[in-house]
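The listed protein sequences derive, respectively, from chains A and B.
Start counting the first sequence at -15; every next residue gets the next number (the working numbering).
Start counting the second sequence at 239; every next residue gets the next number (the working numbering).
Some hints here could point you the wrong way.
[Claimed, not checked] Over the 10 Å line for every Cβ pair with chain A, so calculated as not near, a few chain B residues:
#, residue
1, L280
2, A343
3, L344
4, I389
5, L413
6, A429
7, V520
[To be verified] Calculated cross-link-like contacts (lysine-lysine; reagent style DSSO-like; alpha-carbon spacing at most 30 Å):
#, chain 1, residue 1, chain 2, residue 2
8, A, K403, A, K126
9, A, K129, A, K50
10, A, K271, B, K314
11, A, K324, A, K271
12, B, K314, A, K403
13, A, K374, A, K103
14, A, K324, A, K37
15, A, K309, A, K333
16, A, K310, A, K324
17, B, K364, A, K276
18, A, K271, A, K154
19, A, K412, B, K314
20, A, K279, A, K168
21, A, K129, A, K324
22, A, K379, A, K346
23, A, K158, A, K310
24, A, K176, B, K364
25, A, K403, B, K337
26, B, K364, A, K233
[To be verified] Which chain B residues face chain A? A few, computed with CB under 8 Å, are given here:
#, residue
27, Q244
28, R282
29, P392
30, W394
31, P479
32, L492
Treat the hints as calculated values from the structure; they're not laboratory data.
Remember, it's a predicted structure, so these values are computed and weren't measured experimentally.
For every residue, glycine included, the Cβ atom is placed at its ideal position computed from N, Cα and C.
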Amino acid sequence: MSGFRRRTILKGTLGASFVPLAAPYVSAQGGKPYTGTTINASCFQTTYYEYLKAYFPEFQDKTGIKVNFTMQAFPVYNQRTDLELSTKGSAIDACNITFIYSGRWIGAGWFTPLDTFLKDPKHTPGDWDPDDFVSGAQSQMKNAKGETFAFTHEAGAMLNIASRADLIEKAGLKMPETFDDLIKVCDAIDGKDGVKAFVADKLHHWNWIPYLMGNGGNVFKDPPTNLTPTFASPEGIASADWYANLLMKYGPDGQLSYSDDQAMRAQMSGRANMRTQALTWGVPLVKDPESKVSKTTRFALMPAGPKGNFPGSNSHGLGIPAGSKKKEAAWEFIKWALSKEMISRIVEKHGYPAVCRTSVIKSPKFKEVMTLNGQDVAALYLEVLQLGGKTGYMKYRTVPVYPQIGDKINRAIDKITTKQQAAPEAMKQAQAEAIQDLQKAGFKVDQG
Amino acid sequence: MSSSLQRRFFIFCVAPSLAVLAIITLLPSLYLLVTSFTPLNLTRPETAWDFSDPLISYRQLLTDDRLGNSIWVQIKLSFWTVTLQLAIGVALALLLNIKSRLLEALRTVYLIPMVLPPIVVAIIWKVIYTPDISPMHGIFRSLGWNVPALITNPHWALTSIIIADTWEWFPFTMLMVLAALQMLPQELIDAAKVDGASPWQLTRHVTLPFIQGVLLVAGLFRLIDSIKAFPLIYILTDGGPGSLTEVTNYYSFLQAFNFSYLGFSSAITVVLLAATIVLSWVIIRAVGWGLRVD
Chain A
-15 MSGFRRRTIL KGTLGASFVP LAAPYVSAQG GKPYTGTTIN ASCFQTTYYE
35 YLKAYFPEFQ DKTGIKVNFT MQAFPVYNQR TDLELSTKGS AIDACNITFI
85 YSGRWIGAGW FTPLDTFLKD PKHTPGDWDP DDFVSGAQSQ MKNAKGETFA
135 FTHEAGAMLN IASRADLIEK AGLKMPETFD DLIKVCDAID GKDGVKAFVA
185 DKLHHWNWIP YLMGNGGNVF KDPPTNLTPT FASPEGIASA DWYANLLMKY
235 GPDGQLSYSD DQAMRAQMSG RANMRTQALT WGVPLVKDPE SKVSKTTRFA
285 LMPAGPKGNF PGSNSHGLGI PAGSKKKEAA WEFIKWALSK EMISRIVEKH
335 GYPAVCRTSV IKSPKFKEVM TLNGQDVAAL YLEVLQLGGK TGYMKYRTVP
385 VYPQIGDKIN RAIDKITTKQ QAAPEAMKQA QAEAIQDLQK AGFKVDQG
Chain B
239 MSSSLQRRFF IFCVAPSLAV LAIITLLPSL YLLVTSFTPL NLTRPETAWD
289 FSDPLISYRQ LLTDDRLGNS IWVQIKLSFW TVTLQLAIGV ALALLLNIKS
339 RLLEALRTVY LIPMVLPPIV VAIIWKVIYT PDISPMHGIF RSLGWNVPAL
389 ITNPHWALTS IIIADTWEWF PFTMLMVLAA LQMLPQELID AAKVDGASPW
439 QLTRHVTLPF IQGVLLVAGL FRLIDSIKAF PLIYILTDGG PGSLTEVTNY
489 YSFLQAFNFS YLGFSSAITV VLLAATIVLS WVIIRAVGWG LRVD
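Bound-form chain B, shown alone (with noise of 0.2 Å):
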């Protein structure tokens, strides 16, 4: 078969795969960059189609100074969140990369939270966080310690959602590191405990480079979901006290489905997508994808 058919075979393969792929996603993509060019109000049906001013979005962004405080949020958020379910996740699948029927019970254990529809992980912390019927709060009082209700107090409420969100997704990052060291090749371990390595060295050396690539994907995935927290934020404070967990995400939904503004919230979504290709894209550029065993 010559190269040119083969091409073409390979062409005829994969076209219906990317005209569903399109159809699913670019388009609502498309979309959603036309209406940000648009003012488009659902309770002003002639502003669907105008693009008389089409950066008019655009610029209500720059002198929003709630997008921007929603950014900073996120910017916090973000940080946190997926730094703790790195360490967290590292930490625990390096202890439980042990064979032992207790450790490989305690591994399902721990994937528990991840599997929990996201609005039920929400209600287990809002109980956590409700001072009237949380367990957490009952233990506290009954050492003497008045612990403030932690998601209306401004100090608090924004490291409530972190260590929630956090309980929640560890287990992602922990799944993915265990799958990797299980795949770490014995023999460089030997190689190197040959060589006089300690554990630390061990681990440094060998054990963080093999997995590089694997935190990396890990890493991404769980910054790209950070972006898109939504459940807990929605259940647990509303965005509040104030504006301290209101994430760019949720304002964008509040633009969009409380206030009927499609194009601003568009325009949002937006800056948003691209701003995570671009972190995204800065990042693999910054930490490679690690080393590759063939």
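Excised from the complex, chain A in its bound form (with noise of 0.2 Å):
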């Protein structure tokens, strides 16, 4: 015990010796620290660094740090970080971990545990508030020993969005709340008006999944640590034949080719109806001024299935490279990118929908800024941000492996539509790609 207080003296002492040399520093930058420090940060395209960049000079007051900000497409972005994370190197300081890819970069060990500098009053004060980030979220950018790698700037919420809902009220139906229903729509709309029902982007290991689960499926038996494909199970193919029927009756052609922007541009152009997707890509449909659905849109929870609603949600955070030089930099502009008033600013100025910060979201404004047409669609948002958190449902999209299986349940879904194959043969061979493949990034598999 008595050693134990000496050497605690000894390091008290010890640390106080250098306080005196620290104290100049900091106080001859006039309270700026890391003037002249300047930080690379990325992201893939998106709204919320765009408006922020406009602040980026009263951070630099703030704190001295200089921020070059890179933005690329989304697959461009993902590609060149993977690549630059593998390295370790040090060229970027902060950068996005997209949800797809955060189980690979945070497993492999390329970003930095942020606990430290969260337990750390001098690095983060109390009231930056870390748990007022939406559970749901959060929890992709976390390992299983519950350590944090990056705080969310941006959440997908999977809703069910009719660009021409009165078509569906013309019908005398209302907003389909399972998946019987949604046909029944789907039945009774289709090609009124020249609108097609129903439309989906090409990704199906996204947009599909849903449906999977809604009917009792599932990826794998128990992600993330057991990923022994699931997919091939009789509900799985039954299910995956009932998705590749709704897009092959009700979608409009060369949907399979279709990207998220293309889907949505669909519906906004009054060409097709439903898309299950996330909220992200139905708020132009109200507000882009070249919608011509923005009167007749309206939202609602995804429908269910059997076995329940599993809406799908996700969530990019921010983080900082293993390798970066300059963390304690990089964790000052994290704080202030996502503190709850530049948030609440960039939501006020620019209405910026994909919040995670809950004291955000429940706010007045925000409430304000989304309801559309009428409807509260923050309410709907946060509903489903909760229940992926809830379950975790969400988790067999972050595994380290899940970009490939991705890849194989595309390409099934594509074979069942265009008929080159019937659903239990495309997901057979699909589920027998995935288990090589996760073989080859040696992964252990149930057998039989």
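These two chains come separately, so use the hints to put the complex back together.
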């Protein structure tokens, strides 16, 4: 005990002896200990940082840190960052952790745990409130030990977005609440006014999964611990067949090549009606000046299947690469960029919809911004995010091998939709390829 | 100057170029070869220099059905694009090999697809193939023909890539053949005409043998380029629907940059490189360089 005390006193004395050395440095910079520091930050193209860029001079005035922020198209950003992170180089000091890569990037040790900064009041004041971030969104930014590697700046919550809800009402129906309802509504409105009833983009590994889960299936046996693929189960095959039929029968020709944006444009121009997709892709239908459906767009929860409702939710966060040599400055940037004040300002000034801080989501301003055609869409948004956090059903998507497993699912759904293969054949082949891939990546899968 | 001194001087002169060439081309190829003997996975740094099972990636190639499919797609794509580009290129070159101001202007117009950046070409064809915004589909609709979206139709997806690739690259063959035709000695043609050769016989027995070497070079260039096909597939079909337009090069790209399997992707690339070299050699041996007029 006495030894401990002696060591503590010695440590304290040693630490105290450095205080006079540090103090003049800080005061000499006028309270800006980082003057002259430049950090490099990056993200895929997203409106949040487009808006935030205008405020960077304020951050530099406050801290002395200059931020070089670059943005690239989503796939380009992911590929470049994947390669850059794998070198553990110091080229990037703060960057976005993309949802589907979160398991891979965090699991490989390519990011810095932020808990040290969070626990230290010198680095993080209490009112910054890390618990204010929605748990469902934030869960993707943690590892199995519960360490935090990023804070979320953008969340996606899957809703059913109808661009021509008037056609549904005219048919004497309401927004579908179940999968059966969805087909009933599609049957009633398909082709009316030249509008196809449903549209989806080509990322089936995101769009189809809620239908798979709603039918009682899953992508893996027990993610993230047991990654044995299970999407070719009887439920999976039936669901894939059902979904392919939905696309084939009620979707516009050529939609298998649609990007997110193309699918949104199909709705915006009034060529396609319903789409089950993240809210971010639905807001422009109401707010974009080019939209022809701004008055007829309505939002609802994703339809539920016999086994429940599993709307997709995702989130992208800002973290610090492990190789960064300016981690403290990078944390200053993250703290500022994702503070309650800054997010509130972006919401107020620009109407940013994909917020991840609960206090902002519940604020009157956000509610006002997200009241679309008289509907409280903010409440739907929060409900979906919390649903994802409660049971953790979105875990399947953050495992390190999801990009390659998702690719198998995409191609299988493509094959069923274009009648190249029947559902059982396509799904079984995709699952066999997925097992081969998992083994290649060094994962163990259950036999039989 | 003695011959050995001359030889040494020659080596001294070319050595810097050879050194630069070695650094630029041989070293990366060597690294590719070395990597193919490891299970390198970007998310598992310990796999970088793991030579414990050097043939693992090559064994995986043998059991990978999707790779087999990609090779078959590659063969179909290469065969049709090279054949069409040579045929259209030669035909147009023969037509344009006439002295006329109009045809000279047309030559320039025909070169446009080739000089456009490949991504721009891909975007042009994306517009053409997307029914909602396509002028082609608009015309068909106005004629009452319901043409399906070609790039997502399993019967048309590969054909639509072949059409776009042919449009982009036939000018290359045309340009090379046209240049060769303008070197064709007038005496050969005159002599054939004196012997009573018909236009067809003139083309068959004089022109084609004369341009055979150029055709071979153009064909080889196009064959090698077709094996490197990427932007059109990336933008138009992403290898789909399913894997119908997924060529080996694209499959290798997916393995390396979407899935991080660099070792496996390197093995595919090594095999692809070897196949290209062997194929080129076989073609050169079989066809020969053609008639030489000094």
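We went through each hint and held it up to the structure:
no. : hint               : result
1   : L280               : violated, 4 Å
2   : A343               : holds, 36 Å
3   : L344               : holds, 34 Å
4   : I389               : violated, 5 Å
5   : L413               : holds, 32 Å
6   : A429               : holds, 56 Å
7   : V520               : holds, 33 Å
8   : A/K403 with A/K126 : violated, 40 Å
9   : A/K129 with A/K50  : violated, 34 Å
10  : A/K271 with B/K314 : violated, 47 Å
11  : A/K324 with A/K271 : holds, 24 Å
12  : B/K314 with A/K403 : holds, 21 Å
13  : A/K374 with A/K103 : holds, 25 Å
14  : A/K324 with A/K37  : holds, 17 Å
15  : A/K309 with A/K333 : violated, 34 Å
16  : A/K310 with A/K324 : holds, 24 Å
17  : B/K364 with A/K276 : holds, 24 Å
18  : A/K271 with A/K154 : holds, 24 Å
19  : A/K412 with B/K314 : holds, 27 Å
20  : A/K279 with A/K168 : holds, 24 Å
21  : A/K129 with A/K324 : holds, 27 Å
22  : A/K379 with A/K346 : holds, 26 Å
23  : A/K158 with A/K310 : violated, 54 Å
24  : A/K176 with B/K364 : holds, 28 Å
25  : A/K403 with B/K337 : violated, 53 Å
26  : B/K364 with A/K233 : holds, 23 Å
27  : Q244               : violated, 48 Å
28  : R282               : holds, 6 Å
29  : P392               : holds, 5 Å
30  : W394               : violated, 11 Å
31  : P479               : holds, 4 Å
32  : L492               : holds, 7 Å
In this structure, the hints that do not hold are numbers 1, 4, 8, 9, 10, 15, 23, 25, 27 and 30, in rising order.
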